[in-house]
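Starting from the structure of chain A, add chain B where the hints point.
Sequence order for the protein chains is A and B.
If you use our numbering, the first sequence closes out at 139, no skipped numbers anywhere.
If you use our numbering, the second sequence closes out at 1189, no skipped numbers anywhere.
The hints are simulated quantities; they were obtained by calculation from the structure and are not laboratory data.
All C-beta atoms, glycine included, are put in the ideal place defined by N, C-alpha and C.
Heads up, a few of these hints could be off.
Some chain B residues flagged as far from chain A (calculated, every beta-carbon gap over 10 Å) [claimed, not checked]:
1) T1036
2) R1037
3) G1047
4) G1126
5) Y1133
6) P1149
7) A1157
8) F1172
Not the full set, but computed from the structure, chain B residues with beta-carbon under 7 Å of chain A [stated by the list, open to error]:
9) V1076
10) I1148
11) L1179
Quick look at which bits of chain A chain B covers, simulated, 3 or more residues with Cβ under 8 Å [said to hold, decoys possible]:
12) 68 to 77
13) 117 to 124
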Amino acid sequence: MRLDVILRVVSKMFIPFILVFALYVQLHGDFGPGGGFQAGVIIAAAVVLYAIIYGLKAAQRAVPVALVETLVPLGVMIYAGVGVWGIVEGGHYLNYNVLEHDPIHGQHWGIFLVEIGVMVTVSSTMLAIFYAFAGRGRQ
Amino acid sequence: MSADALTDPQISVMVSLINMVLLTLLVTISVGILRTRLLVAVVVLSGAYSFVMASMMLVLDAVDVAMTEAAVGAGVSTVLALGALYLTKAEEAPPHFSPILPLFVAIGTGAMLIYGTHGLPEFGRGDTVMNTYVGLDYLQRDYRETEIPNVVTSVLASYRGYDTLGETTVIFTAGIGVLLLLKRFRQRD
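Just chain A, same shape as in the assembly (with noise of 0.2 Å):
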């Protein structure tokens, strides 16, 4: 698709906004529809959106396979250790009350951790796979 000029632009235009709408969703949860699950298939899509149009080799520079193979663990090692802080805190696992020393700050910021978790999972996830599928050549 090297030449279609009208894609080209306006992917490039959208695609900062879809991304910083994908940041509103993972921070505004809190208080509107969204979250982490949502911000990261949308992030994915960004990224996807970016490789059908400027090519798979321009999305890896943009956003390395190594990369994402890392956060694609780490997302769940960033929840699992909200969990384990509660139990450093000497609370239960993934009781957020005992974070802060208030409780309602702890609760903010217990779910604001887990979100960010489950968003690096997600949108990673996202694309491992579709380097994946995207990666094989007809044999």
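Below, chain B alone, put in the same frame as chain A:
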């Protein structure tokens, strides 16, 4: 929809009109998927189906589900299916068996599902099982305990944190499984 929207007759007529248009589109797309043998057309039509489905979710006030449906159903999975088609034949093989038995099973299942909807409570009612015991309890406790206005987020990430950890692990496991199957690891000689 807010409480006013549910009772306002003008808005409810509009909502049912939108629903009818969307459902007609869904049926049309499904018939199109059934009739074509070109798999590329099937994939593109499935993407369109997901988009219409996302609009349905929007009408039902499930914006987060709509976002997921649009991004995963219409976006990523369409691209993945096209990527899979690139590796295989792009035309469906002619069927070897008569379609009578599958047709019978599909009609039977559909009839049972339609029969089942008669047992569902009216849309938006407050005194149903899901809106009274646990649901009501969450609604009453949520703001006092977490000060997060979106109950969906606090239930998902805090009250039901274990479930969401499980879901994230499922996604992780699925990703690792697909990578192990599809990725070509270089063998050391």
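Please verify that the nearest CB of chain A lies beyond 10 Å from G1126 of chain B's CB. At about 21 Å from chain A, G1126 of chain B clears the 10 Å cut-off, so the statement holds.
Verify that the Cβ of R1037 of chain B lies farther than 10 Å from every Cβ atom of chain A, and report whether the claim holds or is violated. holds (21 Å)
If we take the beta carbon of P1149 of chain B, is the closest beta carbon in chain A still more than 10 Å away? violated (6 Å)
Does the interface hint hold: is I1148 of chain B within less than 7 Å of chain A, judged Cβ to Cβ? With a closest approach of 5 Å, the I1148 of chain B hint holds.
Per the stated criterion, does the least C-beta distance between Y1133 of chain B and chain A lie above 10 Å, as a non-interface residue requires? holds (23 Å)
With 10 Å as the threshold, tell me whether G1047 of chain B passes as away from chain A on beta-carbon distances. Holds, because the least Cβ-Cβ distance between G1047 of chain B and chain A comes to about 12 Å, which exceeds 10 Å.
Verify this label for me: A1157 of chain B is non-interface relative to chain A, using a Cβ-Cβ cutoff of 10 Å. It is violated; A1157 of chain B is separated from chain A by about 4 Å at its closest Cβ, not greater than 10 Å.
Does the segment 117 to 124 of chain A contain three or more residues whose Cβ lies closer than 8 Å to a Cβ of chain B? Result for this restraint: holds, n = 5.
Can the hint on L1179 of chain B be confirmed by a CB-to-CB distance to chain A that is less than 7 Å? For L1179 of chain B, the interface hint holds, since the closest Cβ of chain A sits about 6 Å away, which is under 7 Å.
Chain B covers the segment 68 to 77 of chain A, three or more CB atoms within 8 Å, holds or violated: Check passed, 5 qualifying residues.
Given V1076 of chain B as an interface hint, is its Cβ closer than 7 Å to any Cβ of chain A? holds (5 Å)
Taking the minimum C-beta separation from F1172 of chain B to chain A, is that value above 10 Å? violated (5 Å)
In the structure shown, a violation is registered for the earlier hints numbered 6, 7, 8, in ascending order.
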